[in-house]
Amino acid sequence: MFRRTLLAVTGLMIAGAAMVARAEPVAADVFVRTLSTEIIDVVKGDKAIQAGDLGRIRGLVDTKVMPFVNFDRMTAMSVGPQWRGATPDQRKRMLEEFKTLLVNTYSGALMQVKDQTVVVKPLRGGNGDGDVIVKSEVRGKGEPIQLDYRLEKAGEGWKIYDVNVGGFWVVEAYKGQFAKDLSTGGLDALIARLAEKNKANANGPKS
Amino acid sequence: MKRALPDAALAMACRRGVIWFVAAALLALSGCATVRPSASQMAATTGPTAYKADPWERFNRAMFNFNEVVDVAVVKPLAMTYQAVVPRWARTGADNFFGNLGDLWSTANLVFQLKPKPALEMGMRVATNTVFGLLGVLDVAEEVGLERRSTEDFGQTLGRWGLNSGPYLVLPILGPSTLRDGAARVVDLKYSPGRIAFREPTDRTAATVLQVLNERGKLLNASRVLDDIALDKYIFVRDAYLARRRSLIYDGDPPDEPTPAGEAPSPAGNAAPTPVPEKK
Numbered sequence: 013m014f015r016r017t018l019l020a021v022t023g024l025m026i027a028g029a030a031m032v033a034r035a036e037p038v039a040a041d042v043f044v045r046t047l048s049t050e051i052i053d054v055v056k057g058d059k060a061i062q063a064g065d066l067g068r069i070r071g072l073v074d075t076k077v078m079p080f081v082n083f084d085r086m087t088a089m090s091v092g093p094q095w096r097g098a099t100p101d102q103r104k105r106m107l108e109e110f111k112t113l114l115v116n117t118y119s120g121a122l123m124q125v126k127d128q129t130v131v132v133k134p135l136r137g138g139n140g141d142g143d144v145i146v147k148s149e150v151r152g153k154g155e156p157i158q159l160d161y162r163l164e165k166a167g168e169g170w171k172i173y174d175v176n177v178g179g180f181w182v183v184e185a186y187k188g189q190f191a192k193d194l195s196t197g198g199l200d201a202l203i204a205r206l207a208e209k210n211k212a213n214a215n216g217p218k219s
Numbered sequence: 016m017k018r019a020l021p022d023a024a025l026a027m028a029c030r031r032g033v034i035w036f037v038a039a040a041l042l043a044l045s046g047c048a049t050v051r052p053s054a055s056q057m058a059a060t061t062g063p064t065a066y067k068a069d070p071w072e073r074f075n076r077a078m079f080n081f082n083e084v085v086d087v088a089v090v091k092p093l094a095m096t097y098q099a100v101v102p103r104w105a106r107t108g109a110d111n112f113f114g115n116l117g118d119l120w121s122t123a124n125l126v127f128q129l130k131p132k133p134a135l136e137m138g139m140r141v142a143t144n145t146v147f148g149l150l151g152v153l154d155v156a157e158e159v160g161l162e163r164r165s166t167e168d169f170g171q172t173l174g175r176w177g178l179n180s181g182p183y184l185v186l187p188i189l190g191p192s193t194l195r196d197g198a199a200r201v202v203d204l205k206y207s208p209g210r211i212a213f214r215e216p217t218d219r220t221a222a223t224v225l226q227v228l229n230e231r232g233k234l235l236n237a238s239r240v241l242d243d244i245a246l247d248k249y250i251f252v253r254d255a256y257l258a259r260r261r262s263l264i265y266d267g268d269p270p271d272e273p274t275p276a277g278e279a280p281s282p283a284g285n286a287a288p289t290p291v292p293e294k295k
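Chains A and B, in that order, give the protein sequences.
Per this note's numbering, the first sequence starts with residue 13, numbered consecutively.
Per this note's numbering, the second sequence starts with residue 16, numbered consecutively.
In short, the hints are calculated from the structure, not lab data.
There could be a bad hint or two in this list.
Derived pair list, reagent style BS3-like, types lysine-lysine, alpha-carbon separation capped at 30 Å [to be verified]:
(1) 133/A / 233/B
(2) 91/B / 104/A
(3) 205/B / 209/A
(4) 153/A / 205/B
(5) 233/B / 111/A
(6) 205/B / 59/A
(7) 153/A / 248/B
(8) 147/A / 111/A
(9) 248/B / 111/A
(10) 233/B / 91/B
(11) 233/B / 153/A
Where chain B lies over chain A, by a calculated footprint (3+ residues, C-beta under 8 Å) [to be verified]:
(12) 48-55
(13) 201-209
Here the structure is a predicted model, which is why all the values come from computation and not from measurement.
From the three backbone atoms N, C-alpha and C, an ideal C-beta is built for every residue, glycine too.
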């Protein structure tokens with residue numbers, strides 16, 4: 013069951029991740045709402061994305077999502093202590109491979125976006141400074157799917173650094189995934205593993 | 016996914032109504048299979064991913080792999096056939112019908128959890144669909160604003176009552192669970208849609224098979240994504256299951272665990288000493 017959750021939502025998790033808050037400071041929940049709506053609208057209006065066109069999805073992620081994600085922080089948190097000792101080259105390769113892996117996730121998930129809507133819950137407590145958690149729900153057929161974000165203040169706007177899908181934080185998920193390779197072979201082993209996985213995803217037949 | 020246990024055994028266990036008996040049985044079963052009680056030994060045998068919520072990782076991994084094999088060989092192909100052969104309207108009807116009976120059990124659990132408002136809403140939903148939705152085949156409640164807000168099972172109820180989940184446990188065929196949820200599953204199965212709706216064992220079995228195909232069919236896309244994003248599928252499924260169950264018990268708002276900022280202990284890797292980063 014959580015698999016369905018994971019899937020249906022991962023698509024919308026990007027959805028959670030894009031929209032411009034131009035001029036004046038915007039509350040975090042408003043930011044998430046605008047971003048989610050925009051992404052969903054783009055996907056609904058784009059047949060190529062719904063069909064799983066990886067190039068298109070990558071384009072969408074790069075233009076609409078990545079500007080509002082602190083991907084360095086997300087990666088650093090997922091890797092843990094070893095990130096501090098990493099060389100610039102290692103960091104660059106790690107960021108690239110991790111991003112490819114996550115974009116891959118989106119490709120499957122975005123195809124699931126059909127008639128869902130995102131309902132963002134009002135912020136509770138806090139005056140909106142520093143890091144906040146914004147909670148939302150994806151409503152479609154069946155029971156709603158929980159979709160929460162951790163955001164940090166970035167200038168006048170916000171950046172996302174973690175996403176929770178149905179109770180499972182992405183950073184937590186990848187900490188668990190990365191731990192084994194990191195402890196046995198260090199960051200290079202992990203990067204190699206990710207590269208291998210990405211290659212398999214790119215070539216392998218989708219069963 | 017639900018599966019019919021041998022009826023006699025199930026009935027007996029349930030008649031006694033002592034889930035602790037089942038818990039003990041499960042414990043014994045898992046104990047037999049792992050035979051590796053000492054913590055230090057455990058760390059030695061399960062390596063760097065040893066994780067305190069999963070002391071039976073060896074057994075669990077074996078069971079997980081077994082389930083994967085069964086899924087690929089039997090369940091998934093059948094589910095795909097089911098999707099290909101049965102028209103969508105019929106599948107939706109079956110899904111709604113099972114869903115409605117599932118909602119009935121959710122209602123009972125909401126009552127057990129002392130949540131009057133959700134229980135009332137869910138009860139109204141079941142009543143509406145049963146009366147106006149052809150015994151649940153049509154989900155008319157959704158159209159009048161009584162959508163399914165959650166699915167509640169007995170494991171969640173026990174969690175709500177304060178019972179810890181116990182170790183992670185992969186059940187044969189049924190998949191990811193915990194000691195608590197696995198034991199609670201016996202109670203859930205007693206009130207599974209197939210058993211509520213039918214009396215004859217053959218009917219019940221047929222209903223269960225249909226339900227399994229229905230549930231698995233809905234997961235076809237999800238399992239593909241999972242294959243794409245997980246480096247270690249076993250760990251991914253385990254961590255996701257445990258996080259999700261925790262979230263469900265707290266209705267999506269679990270108390271904060273140690274903040275994720277920077278170097279919070281990882282669920283899986285904290286036991287391992289950090290090797291010197293290999294710099295070039």
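Hint-by-hint comparison with the structure:
As the CA atoms of residue 133/A and residue 233/B are separated by approximately 28 Å, the hinted pair is consistent with the 30 Å bound. Annotation: proposed proximity of residue 91/B to residue 104/A is violated, straight-line Cα distance about 39 Å (limit 30 Å). For the hint linking residue 205/B to residue 209/A, the alpha-carbon distance of about 42 Å lies beyond 30 Å, and the restraint is violated. Under the criterion of a C-alpha separation no larger than 30 Å, the hint pairing residue 153/A with residue 205/B is consistent with the structure, at around 27 Å.
Pair hint residue 233/B plus residue 111/A holds up; C-alpha atoms about 28 Å apart against a cutoff of 30 Å. Simply put, residue 205/B and residue 59/A have alpha-carbon atoms about 45 Å apart, too far for the 30 Å limit, and the pair is violated. With a C-alpha separation of about 27 Å, the suggested pair residue 153/A and residue 248/B falls inside the 30 Å cut-off, and the hint holds. The hinted pair formed by residue 147/A and residue 111/A meets the criterion: a straight-line CA distance of about 24 Å does not exceed 30 Å.
Among the hinted pairs, residue 248/B with residue 111/A is consistent with the structure: their alpha-carbon atoms are about 19 Å apart, no more than 30 Å. Straight-line distance between C-alpha atoms of residue 233/B and residue 91/B comes to about 11 Å, which keeps the hinted pair within the 30 Å bound. Of the pairs offered as hints, the one joining residue 233/B and residue 153/A holds, with about 12 Å between alpha carbons and a cut-off of 30 Å not exceeded. Only residues whose beta carbon comes within less than 8 Å of a beta carbon in chain B count, and the region 48-55 of chain A has 0; fewer than three means the coverage is violated.
As drawn, the region 201-209 of chain A meets chain B at 3 residues by the rule of a beta-carbon pair under 8 Å; at three or more, the given contact holds.
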